[in-house]
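Note that our numbering has the sequence shown beginning at 46, numbered continuously upward.
Since the hints were made in silico from the structure, they are not lab data. Predicted model, so just to flag it, every value in this text is computed and none were measured. Quick reminder that beta carbons are idealized off the backbone N, C-alpha and C, glycines included. Fair warning: there could be bad hints in the mix.
[Stated by the list, open to error] For each label pair, taking beta carbons as the anchor points, the in silico distance ranges come out as:
(1) P265 - A79: 28 to 36 Å
(2) D355 - S128: 50 to 58 Å
(3) R176 - I113: 30 to 38 Å
(4) E213 - E331: 15 to 23 Å
(5) L208 - G161: 47 to 55 Å
(6) R147 - E273: 31 to 39 Å
(7) V262 - I113: 27 to 35 Å
(8) E174 - V93: 33 to 41 Å
(9) V262 - E343: 21 to 29 Å
(10) F145 - D353: 35 to 43 Å
(11) E343 - V153: 31 to 39 Å
(12) G332 - E213: 17 to 25 Å
(13) H150 - V93: 31 to 39 Å
(14) K125 - E343: 49 to 57 Å
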Amino acid sequence: MRIAQVAPLYESVPPAFYGGTERVVSWLTEKLVALGHDVTLFASGDSVTNARLVPCCKKALRTDSECIDPLAHHMLMLEKLFSRAQDFDFIHFHVDYLHFIRSRHEPVPCATTLHGRLDIPDLVPLYREFRDLPLISISDSQRKPLPWVNWVGTVHHGMPADLLTFNESGGNYLAFLGRVSPEKGLDHAIEIAIRAEMPLKIAAKIDRADRDYYKEVIKPLLDHPLVEFIGEIGSADKAEFLGNAAALLFPIEWSEPFGLVMIEAMACGTPVIAYPSGSVPEVILEGVNGFLVSNVDEALEAVKQLGDFDRSECRQYFELNFTDEQMTRNYLSIYQKLVHPKSASITVEEGVLNWMEVESHTPSTT
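Generate the whole structure from the sequences, applying the supplied hints.
Next up, the structure:
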């Protein structure tokens with residue numbers, strides 16, 4: 046199948062540091078190529094891929110000091126794509142709604158994976174107008190604000206099974222990995238660690254929009270001797286950071302659409318102690334790959350159970366549910382359903398499960 050993958054330009058594919066969407070696009074693209082598909086990736090010029098790369102800007106826009114208007118680069122990318130749309134059997138967008146006006150009238154089958162939050166009132170009239178366009182969610186929870194749009198599947202993220210090394214023993218500190226922002230709950234993570242009398246290592250990115258929050262709320266909490274702020278880390282450092290942790294703290298205070306860091310920890314055998322918001326209950330199975338807690342007190346009780354946690358079972362759950370192989374199979378079955386909408390059951394290329402099998406055995410694509 047000739048497939049176009051259209052990535053955001055804010056980060057490279059894969060990103061050098063933080064960047065969930067671009068990381069997932071990379072994993073999907075590389076697995077599609079490995080399965081024998083003809084894949085073209087529209088992304089920043091510093092992206093690295095085995096697919097055919099169409100560079101749409103010199104480098105990731107977040108790190109380009111010369112970039113003032115990132116939207117201009119995205120519009121040029123879409124023009125490049127649509128000028129050769131007939132070269133593809135399927136176009137997979139990861140750029141939210143930027144392409145809707147054009148793709149609605151494009152005969153080539155396409156779908157859009159929405160990677161962000163949808164509980165924003167401004168989005169309602171937009172998606173109501175374009176409710177015919179096929180959309181893919183990254184969790185069932187993500188759909189709740191817009192249940193009436195044309196959802197054609199839910200595909201949970203998956204990562205290469207050998208990307209992060211399983212650590213059988215773990216370590217003696219708690220970990221926080223992500224962004225410094227109010228909804229990520231870093232202040233709760235710090236409180237949990239201090240009250241549990243365990244070290245907390247924080248590997249976090251600070252966006253420009255969150256600098257005031259960091260200075261006013263988080264920075265004063267970093268003086269405690271148990272708290273260590275490392276800053277933003279890349280994928281090469283995650284195996285050591287997550288694998289050597291006793292647990293990952295994920296006390297989010299918003300409806301997280303997925304939360305990639307949860308499966309990264311899981312791949313290392315590290316349990317996740319998380320608040321049950323958004324996608325978390327779809328990813329965390331109580332006692333198997335983590336603990337669902339509602340507040341700091343319950344998190345402290347979960348910390349007490351870490352000594353009895355089976356890290357090998359946590360890793361096995363990851364291998365069964367959240368690999369790039371599983372994710373790609375699920376996406377391919379959706380592609381085929383949209384390319385051949387009249388077929389009740391289609392055999393997918395390169396040994397991928399047929400649509401009826403996926404419907405009956407894989408809840409994440411229903």
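For each hint, the structure was consulted:
{"no.": "1", "hint": "P265 - A79: 28 to 36 Å", "in the structure": "violated, 48 Å"}
{"no.": "2", "hint": "D355 - S128: 50 to 58 Å", "in the structure": "holds, 53 Å"}
{"no.": "3", "hint": "R176 - I113: 30 to 38 Å", "in the structure": "holds, 34 Å"}
{"no.": "4", "hint": "E213 - E331: 15 to 23 Å", "in the structure": "holds, 22 Å"}
{"no.": "5", "hint": "L208 - G161: 47 to 55 Å", "in the structure": "violated, 23 Å"}
{"no.": "6", "hint": "R147 - E273: 31 to 39 Å", "in the structure": "violated, 48 Å"}
{"no.": "7", "hint": "V262 - I113: 27 to 35 Å", "in the structure": "holds, 30 Å"}
{"no.": "8", "hint": "E174 - V93: 33 to 41 Å", "in the structure": "holds, 37 Å"}
{"no.": "9", "hint": "V262 - E343: 21 to 29 Å", "in the structure": "holds, 22 Å"}
{"no.": "10", "hint": "F145 - D353: 35 to 43 Å", "in the structure": "violated, 50 Å"}
{"no.": "11", "hint": "E343 - V153: 31 to 39 Å", "in the structure": "violated, 49 Å"}
{"no.": "12", "hint": "G332 - E213: 17 to 25 Å", "in the structure": "holds, 18 Å"}
{"no.": "13", "hint": "H150 - V93: 31 to 39 Å", "in the structure": "holds, 33 Å"}
{"no.": "14", "hint": "K125 - E343: 49 to 57 Å", "in the structure": "holds, 50 Å"}
Hint compliance for this structure: hints 1, 5, 6, 10, 11 are not met, and every other hint is.
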